[in-house]
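Number of protein chains: 2
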Amino acid sequence: MSAYFFHFAVYYRGFFNCLTTDGKVFDDQKHVWLQARQVWTYMRLYNEFERFKKPEILDAAKRGAVFLQKYAKNPSTYKCYLALTRDGKPVRMQKTVFSECFYMMAMSELARGTGEQSFKDEAIKMMDRIVHWLRVDNTDINLPDYAGIPPTSSLAEPMMLLCLIQQLKDMDPASLDKYGDLPQWCIQQILMHIQRDGKYILENVSPEGKELPGSHGRVMTPGHSIEAGWFLLQYAIQQNDESLKNTAIQKFMINPFEYGWDNEYGGIFYFMDVDGFPPVQLESDMKLWWVHNESMISFLMAYKETGDQAHLDRFAKIFDYSYSHFVDEENGEWYGYLNRQGPVSLSFKGGPWKGCFHVPRCLLMCEKMLKQLCNK
Amino acid sequence: MSAYFFHFAVYYRGFFNCLTTDGKVFDDQKHVWLQARQVWTYMRLYNEFERFKKPEILDAAKRGAVFLQKYAKNPSTYKCYLALTRDGKPVRMQKTVFSECFYMMAMSELARGTGEQSFKDEAIKMMDRIVHWLRVDNTDINLPDYAGIPPTSSLAEPMMLLCLIQQLKDMDPASLDKYGDLPQWCIQQILMHIQRDGKYILENVSPEGKELPGSHGRVMTPGHSIEAGWFLLQYAIQQNDESLKNTAIQKFMINPFEYGWDNEYGGIFYFMDVDGFPPVQLESDMKLWWVHNESMISFLMAYKETGDQAHLDRFAKIFDYSYSHFVDEENGEWYGYLNRQGPVSLSFKGGPWKGCFHVPRCLLMCEKMLKQLCNK
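Protein chains in written order, with our numbering: chain A, 1 to 376; chain B, 1 to 376.
Excised from the complex, chain A in its bound form:
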């Protein structure tokens, strides 16, 4: 794992995250999602794998955190930027909470590994802000409120919040207490996206859980649905909730995998339209690395939980596609973006949206699960 992994550990302050096929920096902008995810990944490895419990990994994560704390957020509102210059000047802000969520994950995983109260305080302060934006007042994160935009509940927000709930549990289960019914609220918000007699997961629904009109209402992101599947399954296992386990596996994993798999060329599509109309996102038929990472985690977790061989077969199908298409045997790491037919479309290993996160998270989770399966 480390062979290609430290390819990414190029830093000055923060990490360069735009890297060519063989690891050269081709742009020195620093993307906040990726900066924060890289800190999280280093610390997750440091915290959970003996062979990564090294001072240089801790040191790199801390340097990344210093950069984030200093430059990624508006110190008074805690709203974070999306991209920064090499020396930390803001370039772009998104009207979403995702930079903020990854910031929280980074601080929390650092708190877990170092025991330092300041990181824990920072993680909880950001968590408070995120919950405030999503449940109380979304003014800071809302796009202009034009009359023609239907009120929309996206899958991304509650699933991200469920991920943060797990992160708080990993750091300090007691820290979750003050958020009350937040886990149940997240689950309910996620399950609203099951539509059409349970057959499809729609990315956008109304706040009441009804289908929305047009392409916006019909769009599906199978990789996203399958990723939500393992977030839900993990939660259901902890709660010992058999019904939620079944829902997670059937509705969020199996169904999206079946309609999302490209029977002609292999791999999972990025965007689809539930009625089979052409999706309007230009990158719809591309095969993206993270979709396949998250699907590997999902089906291995489903197999580990149920023992059903069909899940292992699905895992193997995705693994075979991934290792014959995404993995760069010569230079290490995974390509991120393939054309539908299979050839690499964009050859970079790190770009504005691809950093040190989905590949290592997939590998570390699969390694743990496979070891547990072998030791059974």
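Just so you know, the hints here were simulated from the structure itself, not pulled from any lab data.
Warning: the hint list may mix true and false statements.
The list treats identical chains as one, so a pair stands whether inside a single copy or across any two.
[Said to hold, decoys possible] Straight-line alpha carbon distances no greater than 16 Å define the calculated EDC-like cross-link-like pairs of lysine to aspartate or glutamate that follow:
{"hint": "1", "residue 1": "K89", "residue 2": "D145"}
{"hint": "2", "residue 1": "K24", "residue 2": "D273"}
{"hint": "3", "residue 1": "K317", "residue 2": "D181"}
{"hint": "4", "residue 1": "K62", "residue 2": "D181"}
{"hint": "5", "residue 1": "K79", "residue 2": "D140"}
{"hint": "6", "residue 1": "K376", "residue 2": "D197"}
{"hint": "7", "residue 1": "K53", "residue 2": "D320"}
{"hint": "8", "residue 1": "K95", "residue 2": "D313"}
{"hint": "9", "residue 1": "K125", "residue 2": "D328"}
{"hint": "10", "residue 1": "K24", "residue 2": "D275"}
{"hint": "11", "residue 1": "K245", "residue 2": "D308"}
Assemble chain B onto chain A, guided by the hints.
Frame of chain A, contents of chain B only:
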């Protein structure tokens, strides 16, 4: 031409512009660029082709114009939206001037065809606003002014403005007088994008015409450069400016065509990086219809002007690629988006960015030029 063309003339108020392969409406949002361009196209055909001088075409254009005038703009600022609901409610606004430019083109071409003063007044009022935003005060159209964003001059704005100058000339040459040195300013702004010893056209440069750092500074859009080529050549012919003619043809047409052509699979790439690094736009290696429409116009115009057979060969190369890849013989019209290797990626005929404009403008301009060449 009309066979597939009136496929698009589906309207209630304004036009549906999201149409499947065989012309079914798959989304009823109305995209302002496309609404305005469709009005312009109808009127250009009505004004310049005897066989399209039909009351139903005029009527359709006027209905589109009514919708635009009523819903597309903020009546006090003249800032336009990007997308509207079927019944005209705003969905999205862009911090650019392009909706506004197409609005101006629509009103101006209507004024030209009807002689109605109200359309002329509306066109000039919008032109005034656009010139104000681009040359005097860009507050209304500017993204947040973050410290990390380098001041940037994009190719799109001055080339669009040069297109509007031509539009004013077509409507009423005297209407151009009040804009003073605007044409010269546009030309100077466009020529700043010639970089690296004249070999490449960069999409973004500094306001002083220097190269900008990173992917943002290195990005090239060959189709855009080639389109700017015929805007420049048309202007140079009118001005009888031999030097500008040569620059338009060599720097904006031939060079971008040579570095933009995909020698492996044919067609012209969408985005490229001047240093050969991977571009960061996910759709970079796709082949887009409008790139090929604009290139056909450019090389036919260059051939007509110079008589150099090499331009006709380039035209034929693009024509052959287009008619074997983009054109849908069964249902009419062109597909818009192909994968690098050639297969259709998104099967719609009309979508949020593809409407009734580039294909018919290409066909009408090429028809006129070919007739003039045959009559020589």
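Each hint, compared with the structure:
no., hint, result
1, K89 with D145, "between (28 Å within a copy, 11 Å between copies)"
2, K24 with D273, "between (37 Å within a copy, 15 Å between copies)"
3, K317 with D181, "neither (38 Å within a copy, 64 Å between copies)"
4, K62 with D181, "neither (33 Å within a copy, 56 Å between copies)"
5, K79 with D140, "within (8 Å within a copy, 24 Å between copies)"
6, K376 with D197, "neither (37 Å within a copy, 67 Å between copies)"
7, K53 with D320, "neither (31 Å within a copy, 60 Å between copies)"
8, K95 with D313, "neither (40 Å within a copy, 49 Å between copies)"
9, K125 with D328, "neither (40 Å within a copy, 56 Å between copies)"
10, K24 with D275, "between (43 Å within a copy, 13 Å between copies)"
11, K245 with D308, "within (13 Å within a copy, 70 Å between copies)"
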